[in-house]
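Asks: For reference, the chains in residue letters:
Number of protein chains: 2
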Amino acid sequence: MEQLFSYQQLFDFARQVFIKIGCPQKDAGIASKSLLSADLRGVDSHGVARLSGYVRLWEAERVNAAPEMKIIHETPSTAVVDGDRGLGLVVAPYAMQVAIQKANAVGSGWVSVQNSNHFGIAGYHAMLALPHDMIGIAMTNASALVAPTFSKERMLGTNPIAVAIPAGTEPAFVADFATTTAANGKLEILQRKNKPVPAGWVQTKEGETSFNAHELKEGGSLLPLGGDREHGSHKGYMLGSIVDIFSGILSGANFGPWVPPFPAYLPMPENMPGKGIGHFFGAMRIDAFRPGADFKKDMDQWIGRFRQAKTSDGHERVLIPGDPEREMEVLRMKEGILLLNEVVSDLRSVGDKLGVELG
Amino acid sequence: MEQLFSYQQLFDFARQVFIKIGCPQKDAGIASKSLLSADLRGVDSHGVARLSGYVRLWEAERVNAAPEMKIIHETPSTAVVDGDRGLGLVVAPYAMQVAIQKANAVGSGWVSVQNSNHFGIAGYHAMLALPHDMIGIAMTNASALVAPTFSKERMLGTNPIAVAIPAGTEPAFVADFATTTAANGKLEILQRKNKPVPAGWVQTKEGETSFNAHELKEGGSLLPLGGDREHGSHKGYMLGSIVDIFSGILSGANFGPWVPPFPAYLPMPENMPGKGIGHFFGAMRIDAFRPGADFKKDMDQWIGRFRQAKTSDGHERVLIPGDPEREMEVLRMKEGILLLNEVVSDLRSVGDKLGVELG
Numbered sequence: 033m034e035q036l037f038s039y040q041q042l043f044d045f046a047r048q049v050f051i052k053i054g055c056p057q058k059d060a061g062i063a064s065k066s067l068l069s070a071d072l073r074g075v076d077s078h079g080v081a082r083l084s085g086y087v088r089l090w091e092a093e094r095v096n097a098a099p100e101m102k103i104i105h106e107t108p109s110t111a112v113v114d115g116d117r118g119l120g121l122v123v124a125p126y127a128m129q130v131a132i133q134k135a136n137a138v139g140s141g142w143v144s145v146q147n148s149n150h151f152g153i154a155g156y157h158a159m160l161a162l163p164h165d166m167i168g169i170a171m172t173n174a175s176a177l178v179a180p181t182f183s184k185e186r187m188l189g190t191n192p193i194a195v196a197i198p199a200g201t202e203p204a205f206v207a208d209f210a211t212t213t214a215a216n217g218k219l220e221i222l223q224r225k226n227k228p229v230p231a232g233w234v235q236t237k238e239g240e241t242s243f244n245a246h247e248l249k250e251g252g253s254l255l256p257l258g259g260d261r262e263h264g265s266h267k268g269y270m271l272g273s274i275v276d277i278f279s280g281i282l283s284g285a286n287f288g289p290w291v292p293p294f295p296a297y298l299p300m301p302e303n304m305p306g307k308g309i310g311h312f313f314g315a316m317r318i319d320a321f322r323p324g325a326d327f328k329k330d331m332d333q334w335i336g337r338f339r340q341a342k343t344s345d346g347h348e349r350v351l352i353p354g355d356p357e358r359e360m361e362v363l364r365m366k367e368g369i370l371l372l373n374e375v376v377s378d379l380r381s382v383g384d385k386l387g388v389e390l391g
Numbered sequence: 033m034e035q036l037f038s039y040q041q042l043f044d045f046a047r048q049v050f051i052k053i054g055c056p057q058k059d060a061g062i063a064s065k066s067l068l069s070a071d072l073r074g075v076d077s078h079g080v081a082r083l084s085g086y087v088r089l090w091e092a093e094r095v096n097a098a099p100e101m102k103i104i105h106e107t108p109s110t111a112v113v114d115g116d117r118g119l120g121l122v123v124a125p126y127a128m129q130v131a132i133q134k135a136n137a138v139g140s141g142w143v144s145v146q147n148s149n150h151f152g153i154a155g156y157h158a159m160l161a162l163p164h165d166m167i168g169i170a171m172t173n174a175s176a177l178v179a180p181t182f183s184k185e186r187m188l189g190t191n192p193i194a195v196a197i198p199a200g201t202e203p204a205f206v207a208d209f210a211t212t213t214a215a216n217g218k219l220e221i222l223q224r225k226n227k228p229v230p231a232g233w234v235q236t237k238e239g240e241t242s243f244n245a246h247e248l249k250e251g252g253s254l255l256p257l258g259g260d261r262e263h264g265s266h267k268g269y270m271l272g273s274i275v276d277i278f279s280g281i282l283s284g285a286n287f288g289p290w291v292p293p294f295p296a297y298l299p300m301p302e303n304m305p306g307k308g309i310g311h312f313f314g315a316m317r318i319d320a321f322r323p324g325a326d327f328k329k330d331m332d333q334w335i336g337r338f339r340q341a342k343t344s345d346g347h348e349r350v351l352i353p354g355d356p357e358r359e360m361e362v363l364r365m366k367e368g369i370l371l372l373n374e375v376v377s378d379l380r381s382v383g384d385k386l387g388v389e390l391g
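So the protein sequences, as listed, match chains A and B.
Going by this note's numbering, the first residue of the first sequence is number 33, and it counts up by one from there.
Going by this note's numbering, the first residue of the second sequence is number 33, and it counts up by one from there.
Any given hint could be a false lead.
Identical chains blur together in the list; that is why a pair holds if it fits in one copy or across any two.
Simulated pairs of lysine to aspartate or glutamate, EDC-like, Cα-Cα distance not exceeding 16 Å [as the list claims (entries may be wrong)]:
| # | residue 1 | residue 2 |
| --- | --- | --- |
| 1 | K225 | E100 |
| 2 | K218 | E91 |
| 3 | K65 | E361 |
| 4 | K237 | E247 |
| 5 | K237 | D345 |
| 6 | K58 | D326 |
| 7 | K329 | E262 |
| 8 | K329 | D76 |
| 9 | K342 | E240 |
| 10 | K342 | E238 |
| 11 | K218 | E34 |
| 12 | K329 | D384 |
| 13 | K227 | E262 |
| 14 | K218 | E262 |
| 15 | K342 | E91 |
| 16 | K225 | E34 |
| 17 | K52 | E262 |
| 18 | K102 | D345 |
Treat the hints as calculated values from the structure; they're not laboratory data.
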């Protein structure tokens with residue numbers, strides 16, 4: 033069913049593949065590191081399993097492997113970056129560095145990005161701020177799969193938000209979540225097991241409650257965080273909308289139902305109002321608010337206190353955002369990454385086509 | 033059951049009450065306007081019904097009616113404001129003006145506030161950015177009523193987030209929501225009707241599912257947006273935590289279970305690590321990203337398209353965030369504000385005590 037690979041094996045393979053499609057050496061390394069961070073952190077749906085998808089986007093000429101990314105508008109604390117149709121895996125770290133530079137100069141930096149593509153996991157980009165003693169924020173829009181409250185039409189992507197906050201002796205707080213009840217990856221797991229999904233995850237194309245893990249293939253939609261109005265789905269809808277506007281409209285990218293799809297076999301939306309996919313990034317220096325040591329002491333107290341929160345029956349501990357992913361990263365870096373056989377054969381066929389061996 | 037008042041009647045009454053407890057004339061006007069904005073927008077739990085609560089906080093010497101608010105730390109794009117124990121209703125608009133000034137100067141402004149009190153509805157403060165063609169952001173922490181995922185202990189407040197985004201010919205997009213499945217105000221409505229609450233709103237003090245609208249009085253807790261793990265409550269927990277950290281830790285206010293309570297009869301938490309309640313505000317000039325006209329044209333297209341999204345059976349229209357509150361404001365400004373008799377007699381007894389007549 034599954035095969036084990038080391039991080040280094042998969043990193044080297046991905047890097048060679050990116051070089052073969054025309055990425056400069058440096059970009060290929062950056063792209064592979066962001067891509068593989070998903071596998072390390074346990075977000076298997078966004079990792080190396082998507083490598084062939086990125087290659088197909090390149091084959092369809094929807095991705096520019098050697099983009100000339102640039103700032104097209106700026107103030108001391110803000111910028112818009114044109115990603116030149118590059119891989120989001122490369123464009124996002126570039127834009128995040130712009131945000132970090134601005135935060136160094138004036139306390140905070142905020143960058144909206146147009147003309148990009150899928151950027152992997154948001155958390156990786158937000159975490160780039162941590163070594164600078166900054167809070168990092170990353171979000172992106174994505175092609176429409178989610179119906180607003182009271183609607184049966186796909187209007188928003190799963191539009192994730194990530195926020196990374198440095199601490200002192202405790203590990204950093206890292207939140208990274210889709211603004212839907214359940215991310216697409218969770219659905220895929222139940223599809224493979226042929227199991228029903230809980231209420232509040234998906235609806236049919238007629239807007240009716242569904243427990244079918246394959247509902248999206250039949251025209252249905254994902255539901256915003258909350259599931260239905262009674263459980264606060266209007267809040268998930270608002271969150272997804274904010275991500276869409278910050279990523280798509282502040283930048284001049286596409287938004288709402290016009291965001292281009294990840295699968296290269298799907299047609300591009302008609303009458304697209306902007307350029308590519310949009311992202312939004314932020315960096316705030318903690319010492320732009322308080323002395324860094326004071327902030328970190330309080331963060332350690334926050335984390336320590338929440339770890340000690342009384343648990344409900346049947347639960348061993350209360351998690352701090354980022355705990356499961358960090359623990360997974362330690363484990364997988366040491367013991368390797370298990371890939372499903374279908375992912376492995378997909379990677380091998382990409383490798384065969386491009387002349388790269390999966391070690 | 034209910035009595036009708038005009039906006040002006042309630043505004044004048046609140047303003048006189050604030051003056052009687054020692055607010056400077058100008059602050060009394062600012063406080064009354066922010067307080068009454070909740071009644072106008074239909075958030076009855078946060079409006080004039082809370083006036084007596086603010087007075088009791090002043091009687092308990094937990095609120096300073098004539099604060100000297102000031103910036104205690106800043107960079108070109110960030111600041112920390114000390115609210116000097118003032119009414120949040122006054123401190124928040126002050127801090128928002130600081131954010132707006134910084135956005136005017138360097139593109140965006142981000143202000144964390146310590147030593148404040150309850151600030152009414154977040155949406156009012158976020159909307160202060162709109163006339164400046166800026167996006168406004170407001171959030172606050174609050175005393176602990178919410179249990180993290182897997183916990184039975186109250187660790188976070190309902191920690192609301194508001195984001196106001198200008199449009200062109202369309203009205204502004206205004207999202208304003210607690211990071212719980214249901215805000216406390218919704219619970220109070222069901223309490224008065226003696227009705228059960230839906231699953232996913234509250235749990236017992238043992239962390240078990242509850243349908244009891246009075247559960248909080250028995251030591252239970254509110255649940256984060258999502259309700260339970262299967263429906264994404266860890267996402268609501270993350271959102272509430274981010275609000276807590278941005279408001280409480282960036283500023284040096286209290287955080288988590290140490291945030292002071294609104295009801296003056298409740299004791300203050302022990303070993304408080306910071307000062308008062310914390311807020312966080314942001315302002316981003318839209319032309320710090322794109323020419324304002326381009327941004328507004330796209331926002332109009334976004335809003336127009338979402339209004340036309342296909343509805344599910346039984347629903348007339350898809351709402352844009354801010355629609356219901358804006359429509360309520362037009363209605364109540366014209367036809368008046370209905371107050372429950374118990375609220376009216378509470379207001380009259382405050383008025384009697386302070387020598388102010390409810391017109």
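Asks: For each hint, tell me whether it holds in the structure or not.
Replies: Against the structure, the hints come out as follows:
no. : hint          : in the structure
1   : K225 <-> E100 : neither (43 Å within a copy, 62 Å between copies)
2   : K218 <-> E91  : neither (28 Å within a copy, 52 Å between copies)
3   : K65 <-> E361  : within (13 Å within a copy, 51 Å between copies)
4   : K237 <-> E247 : within (8 Å within a copy, 37 Å between copies)
5   : K237 <-> D345 : between (38 Å within a copy, 11 Å between copies)
6   : K58 <-> D326  : neither (37 Å within a copy, 35 Å between copies)
7   : K329 <-> E262 : neither (39 Å within a copy, 33 Å between copies)
8   : K329 <-> D76  : neither (34 Å within a copy, 38 Å between copies)
9   : K342 <-> E240 : between (38 Å within a copy, 13 Å between copies)
10  : K342 <-> E238 : between (42 Å within a copy, 10 Å between copies)
11  : K218 <-> E34  : neither (18 Å within a copy, 49 Å between copies)
12  : K329 <-> D384 : neither (52 Å within a copy, 47 Å between copies)
13  : K227 <-> E262 : between (26 Å within a copy, 14 Å between copies)
14  : K218 <-> E262 : between (23 Å within a copy, 10 Å between copies)
15  : K342 <-> E91  : neither (53 Å within a copy, 34 Å between copies)
16  : K225 <-> E34  : within (15 Å within a copy, 56 Å between copies)
17  : K52 <-> E262  : neither (51 Å within a copy, 41 Å between copies)
18  : K102 <-> D345 : neither (53 Å within a copy, 46 Å between copies)
When each numbered hint is compared with the structure, violations occur for hints 1, 2, 6, 7, 8, 11, 12, 15, 17, 18.
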